Amino acid sequence: MSVTTLPPLALAHRQPSWLVRLFDYKPFLVVMCLAPAIGLLAVFLTYPLGLGIWLAFTDTTIGRKGDFVGFENFQYLLTDSLWWNAVFYSVVYTGIATFGKFALGFWLALLLNNHFPFKSLLRAIILLPWIVPTVLSALAFWWIYDPQFSIISYLLVDVLHVRSTNIDFLGSPWPARFSLIAANIWRGIPFVAISLLAGLQTISPSLYEAAMLDGASAWQRFRYITFPMMMPILAIVMTFSIIFTFTDFQLVYAITRGGPGNSTHLLATLAFQRGIAGGELGEGAAIAVSMIPFLVFATLFSYFGLARRKWQQGESND
Amino acid sequence: MTDTVAQPSVADAKAAPDTMAWDSGLRRLMMIYLPLGCFVLILLFPFYWMAITSFKPNAELMNYKEHNPFWITSPTLAHIKHLLFDTAYPRWLWTTMLVAVGSTTLSLIASTLAAYAIERLRFRGSPYVGLGIYLAYLVPPSILFIPLATVVVQFGLFDSPMALILVYPTFLVPFCTWLLIGYFKSIPYELEECALVDGATRLQILRRITLPLAVPGLISAGIFSFTLSWNEFIYALAFIQSGANKTVPVAILTELVTGDVYQWGALMAGSLLGSLPVAIFYSLFVDYYVSSLTGAVKE
Chain A
1 MSVTTLPPLA LAHRQPSWLV RLFDYKPFLV VMCLAPAIGL LAVFLTYPLG LGIWLAFTDT
61 TIGRKGDFVG FENFQYLLTD SLWWNAVFYS VVYTGIATFG KFALGFWLAL LLNNHFPFKS
121 LLRAIILLPW IVPTVLSALA FWWIYDPQFS IISYLLVDVL HVRSTNIDFL GSPWPARFSL
181 IAANIWRGIP FVAISLLAGL QTISPSLYEA AMLDGASAWQ RFRYITFPMM MPILAIVMTF
241 SIIFTFTDFQ LVYAITRGGP GNSTHLLATL AFQRGIAGGE LGEGAAIAVS MIPFLVFATL
301 FSYFGLARRK WQQGESND
Chain B
319 MTDTVAQPSV ADAKAAPDTM AWDSGLRRLM MIYLPLGCFV LILLFPFYWM AITSFKPNAE
379 LMNYKEHNPF WITSPTLAHI KHLLFDTAYP RWLWTTMLVA VGSTTLSLIA STLAAYAIER
439 LRFRGSPYVG LGIYLAYLVP PSILFIPLAT VVVQFGLFDS PMALILVYPT FLVPFCTWLL
499 IGYFKSIPYE LEECALVDGA TRLQILRRIT LPLAVPGLIS AGIFSFTLSW NEFIYALAFI
559 QSGANKTVPV AILTELVTGD VYQWGALMAG SLLGSLPVAI FYSLFVDYYV SSLTGAVKE
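Those sequence lines, one after another, are chains A and B. Just so it is clear: in the first sequence, position 296 is 296 by the numbering used here, and no numbers are missing. Just so it is clear: in the second sequence, position 193 is 511 by the numbering used here, and no numbers are missing.
Simulated from the structure, these hints should not be mistaken for laboratory data. It is possible that some hints are incorrect.
Sample of chain A residues facing chain B (criterion: CB under 8 Å; computed from the structure) [what the hints assert, rightly or not]:
#1 V30
#2 N114
#3 I144
#4 Y154
#5 P190
#6 F249
Computed from a predicted structure; not experimentally measured. We put the beta carbon where it would ideally sit given N, CA and C, even for glycine.
Looking at chain A on its own, in the form it has when it is part of the complex:
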């Protein structure tokens, strides 16, 4: 059979044009294949990242090239109570929202891991909040949090008679902060639940069977089998979640724009307000750069904190 197919192909191989030969030359092909991706990332990601760090040390404004001013921007930020406010709220926002997302998301994943009818349909429905544009669902939350026509206030006041006055969700600092955190948790649950569900499904049932034979209770099975087995995937999902919660922008910008009285500014919204809306590019860049240490710390903490078990035991239990 090989005899019959060989001649035409061998013939084609003998006289390919120089272009074909060039594209079959491996180093050239590697460069050509990597060029679009690396080029795009270099021009629109690596270069701006460096430029951003440079801008943070200049007094650039929109329309005027700035001069190098050293640490002046950062020194100013350290005395700026708004920046401290944003740091405080970013940490609180990330901490509470991440905890809420993972507690509820893990619970939902455990629930979805049972057998019941219409399971795949339910899984599809649950992912919906994550698919829909964040700003558009944030608008729905804005309407739900309306001071006068909030449906939650209506439920509590007119239907359940638990309260006598409407809740002022977004009018004062702490309620506004918690309202935003609730919206963020709502949006984050599906992602966490579906990723963790994928992890749960990879745990071999024989482990549970063995534990049940040894008389382990449901809690013990969760504590000593499910939880340790989920550690690696938890570490990855949590790292992602922390990074994208800490740098969140859309939800706050859509619902409160940092108000009331700048109490709900995250670092990203403050950077936008100073950098783009206010035109102080240098200062905005400094605020954005000031997020980097927090991000590096959070990443290292969540990754190594959670994955510790894995590298203590070696690579074998991947």
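Model the placement of chain B on the given structure of chain A, informed by the hints.
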């Protein structure tokens, strides 16, 4: 040892089979169906509220005393009509579609080639290139948008949808590349070796063998990129100034939110219409979404 463990359960089952069944049924209801029901209710309520608000006449929207807010007495298309004929909404939809399709195509091409080079051409240092691309995914847009705005101005792309088409691949390419590396890994290497032995060039192998086999991966990467670029907000807000060139999420927030009295009907109708394309897309390709979401996390 197995005997001692097995005995009590057998005895229990013999003693009261009926109460056991009832008990486990109720237990299942309380432990699984009730919390699941609550989760679904809370996760879906904002969408229900969004949908019902967009078809409510203004009189019902602002009057909870006479109308039950959870239902519509006289549904109206006024908000949607206002949106489609009195605002630039169709134009915004068109821009968003253009940007999403453009950036998805660009990043699919770039990341397919990159994933093929990293996973199949296997040059020295390919794992490091893969790691570098993965790290790019960890750089959040919130850090980049200010310097990127100056880059976009330098290139003369400010206020043009082209800027978004070129910038969105910064977060799409890392994601798609990792997804496709995973898919290419699952394709047996022997198939390519056979083709090599038969004298096919590497590009022929990519086109005739690897790509057809990686179609599910390409679909996953494509629909995911489309959704991510449809939903993107911060770059579109920072780089687009004129009303006509805005994407749907930005336009609703900046053009429709006017004055002190918000037109909730029109706002919610805009949100509903803006969510529909991705929702329809999603309903057609649910399994691909789930596999790409979990695939990207597992890699």
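### Query
Looking back at the hints listed earlier, which ones does the structure fail to meet?
Hints that this structure does not satisfy do not exist here, as all of them hold.
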